[in-house]
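Going by my numbering, the letters in the sequence shown line up with residues 1 to 520, in that order.
Think of the hints as simulated: they come from the structure by calculation, not from any bench. Among these hints, one or two may not hold up.
[Said to hold, decoys possible] Taking lysine-lysine and the DSS-like style, the derived pairs with C-alpha atoms no more than 27 Å apart in a straight line are:
no. : residue 1 : residue 2
1   : Lys261    : Lys231
2   : Lys222    : Lys414
3   : Lys222    : Lys261
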Amino acid sequence: MPGGPAASGGGINADANKSKWAGILMTAFSAFGGILFGYDTGVINGVKAMLPWLQVFGEIGPDGKPFLSSSRESLVVSILSAGTFFGALLGAPVADYIGRKWGVVFAVLVFCVGVAMQTASKAIPLFVVGRVFAGLGVGIVSCLIPMYQSECSPKWIRGAVVSLYQWAITIGLLVAAVVNNGTQNRAGNSSWQIPVAVQFIWAFILAAGMAVLPESPRWLVKRGRDEDARKSLARLTGHDASSPVIENELEEIRNNLEAEKALGSSTYLDCFRLSHNKICLRTLTGIFIQAWQQLTGINFIFYYGTTFFINSGIRDGFLITVATNIVNVFMTLPGIWGVERFGRRTLLFWGAVGMCVCEFIVAIVGVTVSTENLAGQRVLIAFVCIYIAFFASTWGPIAWVITGEIFPLQIRAKAMSLSVASNWLWNFGIGYATPYLVNDQPGSAGLQVKVFFIWGSTCACCAIFTYFCVPETKGLSLEQIDEMYQEILPWQSHTWRTQHADALSDEKHSSHEERLEEKA
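Take the sequences, apply the hints, and build the full model.
Structure follows, in structure tokens:
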């Protein structure tokens, strides 16, 4: 699932007690931006299966009933991802010139233009253009929100705060499924216009909230607005603006900016440079881990799940979609916890294996059991839910964690932008191609449930990719990760960490003692 956090650097050395209700709650609220993408993704899944929507935007079949052709369905669904791709590229200049928080407000306004077009449209061209504008807004938000969170949240809890953005996406998907289920039987266009228009509410909440939050101190210092940065830090940390703590924070931000400037500028070609610290391998790992995340097939469920379940003989596809989204929301939480408990590489590998098994079972059940067989349909639904649980607790959040950790400082921003762009690009490609693979229409492959053989095979490739290309970075600082890449290959990371276990244990013990001293 795209749009998750891809943050780096930043953070503030806030006191854990004083900042608890200030910086944490403020930056945690900004994760609400994930609702925009999650809801928009989920709402189109249900809306395009509603009869009133098909009557307006579909085509009339030989039997006189409205239907959605593969070409039109792929356009309506995937065009959002095309917009988000370009929106993500616009995110960097918007963040630099407008700022983090006001950049989000600007993105929300662009998003609202798209929602208004979709709600008012009576023909497919305007609806598609509205999807593009909404995608542009979502793309900018997906770049700015994690950036704002990483620069404003306390360092000691930054990872958890940034991960909330991914969780918000899953909540948005669930809310969309619930709203679609509630309006599907309404007569007239209100059945689909209400779910689409509800997005104005989420946009207003996000824009209003961001307008009153402090701007990123890092951005303010970068623009030479030190006094404004001082006030922003005071709000985020709970300290008085004249406190020595605030002055120390400002000094550290200035030093970090100077250090970044000293590294000099880098180009995108530098991301593929063959060097002793394997920069090219690391860049390709980030790009491909985002591609494989999309190739797990997860967005097939969240883009086309309702239609798929109905075509598979399940009576209430809308209700099953609600159930799958509930699984997605709550199984993301074990992933956020487990990433530090079990490690990145371990969860990614076994998550891929688990998804592979579930998808092959779904495919086999789908092709061997009649759609009239109730027990068979229950097995299909159960293993789809187990598959979603494996994704939500492994590849959903952890692919973004890896992307945020493996790049050296000098090329981190550019390498991460390439990785995020890869996510959106594959999201668009899969969204566009799926109707041609699944639908039983002229010019389409008509695979239907057999498409899970493809997703199962790609998940097997995810496991192979993880074994050879993803190192275990649990408990390592960014500097230690850089050192590890210089000395070994990714599949040797367990041995490297074992050899350095004493040093890592001493560092962890030292950090624990420092935290105890701070509390004392």
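- Task: Quick one: which hint numbers does this structure break? Sort them smallest to largest.
- Result: none
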